[in-house]
Amino acid sequence: MAKRKKKYKKRGENPLKIVGRTIFDHKSIYIIIGVLLILLIIGAVAIKYIADNYTITNIYVTGNTHYTNDEIIDMVITDRLSNNSLYLSMKYRNKSIEGVPFIEKMDVDIVSPDTVRINVYEKAVAGYIAYLGRYMYFDRDGIVVESSLEPSDTAPQVMGLSFDYCIMHEKLPIENQDVFEEILDITQLLSKYQLGADRIFFDSEYNVYLYFDEIEVSLGKEDFIDEKIIQLQYILPELSGKKGILEMKDFDDDTKNITFEEKSQ
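Per my numbering, the sequence shown starts with residue 198, numbered consecutively.
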């Protein structure tokens, strides 16, 4: 018996053990395949649920004037996945969109699974000047905040200011730095009363002239500038189609002197 046992060991392992291990290996494979199938089914169901319940159907844009709503939306919804609010919330979580011309930043808020609000914070542009073939936009402090090859439809071109150079993110070297705050006040008043001036011109004494198509408006100094522009909202519609000079520099609380000198077409 001892010899037979020793001989058996030399021939190899017990066949029952080999068969048992094979059966066990097959069961393991079936179990793994089953688990994978269950995970795939769960994943497919989850994807369908997310697609059905987190697809964006409503987008609201606030704070934008330089860009249209569609242009802002295209900057945020940049691929097919961005149509999903869950994906969008992860993409822009604790992160603002920056580096867009004329915009300080944009925040994306997920209002509900199908609704998104884009909050736009634009740079406070007071106006722009033409310089070396480009249009340089500046804020109320006279700091150049943007450069573009295209003129703006919302901010007026400012003319008559004297300077020797223009550098991005630096102040325009104008002798009278107070003029920038005056420019912003004028542009805000024009926007408030829905008056679209083409240009703002300052002469050497810093008298203000506004241009609306063929109408030149002489406002004079900044005194009573609010009252003068308030009057413009009533006067300009009456001058539609005409060409001439609207004189308002002597307008004040006492005289309210306004004259119009029409020129031939």
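Keep in mind the hints are simulated off the structure, nothing from the lab. Just so you know, not all the hints are guaranteed correct.
[Said to hold, decoys possible] Below are the DSSO-like pairs computed for lysine-lysine, each with C-alpha atoms no more than 30 Å apart in a straight line: (1) 389 / 288; (2) 418 / 320; (3) 439 / 418; (4) 368 / 439; (5) 418 / 460; (6) 302 / 320; (7) 460 / 439; (8) 368 / 389; (9) 288 / 320.
Note that the coordinates shown come from a computational prediction; the quantities given were computed from them, not determined experimentally.
Outcome of the hint check:
1. 389 / 288: Judged against 30 Å, a Cα distance of about 36 Å means the pair is violated.
2. 418 / 320: 27 Å, holds
3. 439 / 418: Satisfied, since the Cα-Cα distance of roughly 25 Å is no more than 30 Å.
4. 368 / 439: Violated. Residue 368 to residue 439 sits at ~38 Å, over the 30 Å cutoff.
5. 418 / 460: Given pair residue 418, residue 460 holds - Cα atoms ~24 Å apart, limit 30 Å.
6. 302 / 320: 9 Å, holds
7. 460 / 439: The hint holds at about 8 Å.
8. 368 / 389: 26 Å, holds
9. 288 / 320: 24 Å, holds
The structure shown violates the earlier hints numbered 1 and 4.
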